[in-house]
Amino acid sequence: MLKRIAQGLVAIVGALLIVFVAQRLSGDPVALMLPMDAGEEDFAAMRSALGLDKPLPLQFAIFLGNALQGDFGQSYQWNAPAMQLILERLPATLELAMAGLVFALLLAVPLGVLSAVHRGGAIDRAGKIFAMLGQAVPGFWIGLLLILFIAVELQWLPAFGRGDLSHLLLPAIALGWYPVAAMTRTLRSSMLDILESDYIRMERAIGLPERAIVWRYALRNAMAPLATMIGVYFANMLGGAFVIEVVFAWPGVGRTVVEAVFARDFPVVQAGVVLSAVVFVAVNLLVDLSYGFIDPRIRHD
Amino acid sequence: MTETTLPRPLLGRLLRGAASRIRGGEGGFPWLAASVLATVLACALFGPWIAPHEAGAISLADAMTPPAWEEGGSSEFLLGTDNLGRDILSRIIAGARVSAVVALYAIVISGLIGAVLGMAAGYFGGVVDALISRLIDIQMSVPSIPLAMLFAAVLPPGEAMVIFIIVLSYWTWYARIVRGEVLSLRERDFIALAKIAGVATPIIFIRHLAPNLLNILLVLATLQFGSVIVFEAGLSFLGLGIQPPQVSWGGMLADGRNFIEVAWWLITIPGIAIMAACLASNLVGDWLRDTFDPVRRQI
Amino acid sequence: MVTSASSSNESLLEVQDLKTHLFLKRGVVRAVDGVSFDLAGGETLGLIGESGSGKTMTGLSLLGLPPKPAGRIVAGSIRLGGTELVGMGEEELAADVRGSRIAMISQDPMTSLNPVFTVGSQVAAPIRAHVADGNSRGAALDMAVRELDRVRVPSASARARDYPHQFSGGMRQRVVAAMAIACQPEVLIADEPTSALDVTIQVQLMDLIERIQGDTGAGLLFITHDLGVAASLCHRIAVMYAGRIVELAEVEALYRDPRHPYSQGLLASVPRLGQRKRLTSIPGNPPNPLSLPTGCAFHPRCPHATEQCRNEAPPEVTLNDGDTLSRRVACWLEA
Chain E
0 MLKRIAQGLV
10 AIVGALLIVF
20 VAQRLSGDPV
30 ALMLPMDAGE
40 EDFAAMRSAL
50 GLDKPLPLQF
60 AIFLGNALQG
70 DFGQSYQWNA
80 PAMQLILERL
90 PATLELAMAG
100 LVFALLLAVP
110 LGVLSAVHRG
120 GAIDRAGKIF
130 AMLGQAVPGF
140 WIGLLLILFI
150 AVELQWLPAF
160 GRGDLSHLLL
170 PAIALGWYPV
180 AAMTRTLRSS
190 MLDILESDYI
200 RMERAIGLPE
210 RAIVWRYALR
220 NAMAPLATMI
230 GVYFANMLGG
240 AFVIEVVFAW
250 PGVGRTVVEA
260 VFARDFPVVQ
270 AGVVLSAVVF
280 VAVNLLVDLS
290 YGFIDPRIRH
300 D
Chain A
0 MTETTLPRPL
10 LGRLLRGAAS
20 RIRGGEGGFP
30 WLAASVLATV
40 LACALFGPWI
50 APHEAGAISL
60 ADAMTPPAWE
70 EGGSSEFLLG
80 TDNLGRDILS
90 RIIAGARVSA
100 VVALYAIVIS
110 GLIGAVLGMA
120 AGYFGGVVDA
130 LISRLIDIQM
140 SVPSIPLAML
150 FAAVLPPGEA
160 MVIFIIVLSY
170 WTWYARIVRG
180 EVLSLRERDF
190 IALAKIAGVA
200 TPIIFIRHLA
210 PNLLNILLVL
220 ATLQFGSVIV
230 FEAGLSFLGL
240 GIQPPQVSWG
250 GMLADGRNFI
260 EVAWWLITIP
270 GIAIMAACLA
280 SNLVGDWLRD
290 TFDPVRRQI
Chain X
0 MVTSASSSNE
10 SLLEVQDLKT
20 HLFLKRGVVR
30 AVDGVSFDLA
40 GGETLGLIGE
50 SGSGKTMTGL
60 SLLGLPPKPA
70 GRIVAGSIRL
80 GGTELVGMGE
90 EELAADVRGS
100 RIAMISQDPM
110 TSLNPVFTVG
120 SQVAAPIRAH
130 VADGNSRGAA
140 LDMAVRELDR
150 VRVPSASARA
160 RDYPHQFSGG
170 MRQRVVAAMA
180 IACQPEVLIA
190 DEPTSALDVT
200 IQVQLMDLIE
210 RIQGDTGAGL
220 LFITHDLGVA
230 ASLCHRIAVM
240 YAGRIVELAE
250 VEALYRDPRH
260 PYSQGLLASV
270 PRLGQRKRLT
280 SIPGNPPNPL
290 SLPTGCAFHP
300 RCPHATEQCR
310 NEAPPEVTLN
320 DGDTLSRRVA
330 CWLEA
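Top to bottom, those sequences are chains E, A and X. If you read the first sequence in numbering that gives the first Met the number 0, its first letter stands for residue 0, the second for the next number, and so on. If you read the second sequence in numbering that gives the first Met the number 0, its first letter stands for residue 0, the second for the next number, and so on. If you read the third sequence in numbering that gives the first Met the number 0, its first letter stands for residue 0, the second for the next number, and so on.
Looking at chain E on its own, in the form it has when it is part of the complex (with noise of 0.2 Å):
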């Protein structure tokens, strides 16, 4: 376990690392902060009070220990601290990121276990086309098209910004859509070898409900390489929460993200990009946590 705490805190230097790099290939920072008419040594006076004269390996320590109390610097365009702006909109891209792995979760696993129970009839192959589609349509057309059916035409539904549980749905459908084909196909998979397994044979045999077998003994088992696939995917939804976020107009961070990308407010989109590393490294961490609790045997390792 140290191990992986080990690899996650390599793995999150090494993003810094490639922040620091973009850092230094948006040019000269001090072209952007100083006035058109300013002379050659405003610029020097200002490299040096930036520490832009230093070695550049002093630097990245410079910007390491910055970038490690949380300090990325004032958002050009907001005049506030730039992780705390994007930490404001941490709990709206949590919400959303949670809402679509929880509606993902609500389709696959019934639409999985079912798809594995009746291989090869209707819910399997109509799973199989869904599943085709899923990988191939990306979420942020999903969300257009929800809005133009649901919201437009049909009114059912409020198309932009964050409020109650109405505007959650749209966005959370369109962000868990990806992952639901892959986690619907996986959980068949893993269900088709586990059913066929000598322990459901025995708890067929011992005249368990098939209904228990299927949703508590098998399900169970089945949901261990699920588990990877969550935490991949939660960690991937909260990039592609960027995306979907400017189609609802939802303000989380990748919204603002975005947004800072056109003002060129380069200190907010450094403190997005870092953060949004920070949880995938963490939420990756929590998943291979909770394998234990869901396979005792990794448990007792």
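Heads up, incomplete: computed chain E residues facing chain A, CB under 10 Å, no partners named:
id, residue
1, GLN6
2, ILE141
3, PHE261
4, ASP264
5, GLN269
Just a few of them, taken from the derived set where beta-carbon distance is under 7 Å, the chain E residues facing chain X:
id, residue
6, ARG203
7, GLY206
8, PRO208
9, ARG296
Derived by calculation from the structure, the hints in this document are not laboratory data. Just so you know, even glycine gets a beta-carbon here, dropped at the ideal spot from N, CA and C.
Please build the complex by placing chains A and X on the supplied structure of chain E, with the hints as guidance.
Just chains A and X, lined up with the frame of chain E:
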């Protein structure tokens, strides 16, 4: 006792064979998917000659013409026009060109980088492997869309930037899978023999490793074609990818979004194009995988 | 060797002309093809045959569990204490037969326990499903601990909270046995319960099975390919070949004087104490289940095969084995 125990249970073997046959069932060549893919590639190659109109030709008099089968549609604009009277069909064809070119460049470059690093990691092992594997881990711990934002914020927008961003997120795929393949190939006799015979390392790479990786790379590339198109569409939709006046499907969706209440075709048709291209490449990729790789390795 | 059959002649289980076929894409496998036998309470019947002879499929058919979706009972009757099981609904079978009246100790202890549930809850599962006062979780768990005790799992109440991977192979097999006997079934099917274990544990387990049977008075159907084990445990033995019972006899009579050429071949290939003769094995291979030979399925390997054997399936004839004992043989030599 041993005498009465007979050869492996034939029945069990039969049952297992039957099961795998049912599961891996559908084997035929996906003609429809292949022809969709061919159409996209044809648009990329011959787009300007196929398209009925100039993709950027503005004709305000024809603005917001619905598709031909709708009331008020015109056979001149089969799929309708946008708010500036530009022909949707022609723009879809032009978008195919951009999407396909970007995807091909991105796949070839990320495939090359990934394959070389993956081969090096798998073949040399040790420090090289640890270094490259760590690099892959780091790369994979930054979600690709935020990463794309980061570089979109600092690089000049356009095709080159889109390709760069896609390569950045996709090379790890190739690297991981190639590394795994090489790890198993390395143990095989012909590589060991070549090594003992003193064949130079680059020659081993090119003559012995690469040909064995070709199938898997081709499968991966095909499977990723669709994924890359979706990724690029997302970037362009956000306005961070392909920039006007160049046409892209994602950009068309972004434009159409402003007219969602009056012109449904502006957001449905480009989406269908994305879906069709992606679906087609996935299906062809699946077919290639099943053909090259009947034992179904994990890809 | 056990010599006498059970006390009661009343049959507990009567199987008549049972046919279970597997419908595969490549053809139909007649895995069980007209099997008849009966089993009395307290009796042990050995079902012996090579892999693929249909013995396991016979056991699964008794539970109404031929492998899905290919397998189906196509004909015959299975009567348990007067109740017809063939044609009974899936839910009724699960609720009233499997685990409660007929139970099975399966082949491989390493894979027969669910890895993500505690051993206690797995033994409690059939109790909760079948025994009325086992409905509460705590009560069922208590009863499960008693069952674990009964199969001699040491410090059962503590170990009930452990997971299968924390048990050795022999202990797991005991847990499987505990699951099977938890609801005091009338018929117990043991499908090669010892084959995956080493010899000392085999012996212990066989003792255990005998004792359980003594306790509960259940009829035991013992499926094995091991003639030695069968001889020490069974009252009667049914020899299966290609989905049929070719000979069914008292264990002593069968070992002393096997009548069917296949039984003779099987016995000739078993080493015996004090016997110096070279072991012989049956020539040839088991038949392809998708295209069984015409006539008697054994004829290609039979030293006594005649034209009749090649063309016509032999009828089952009942021979008198002295006093009240009888044996059944399906061979033209005896017809």
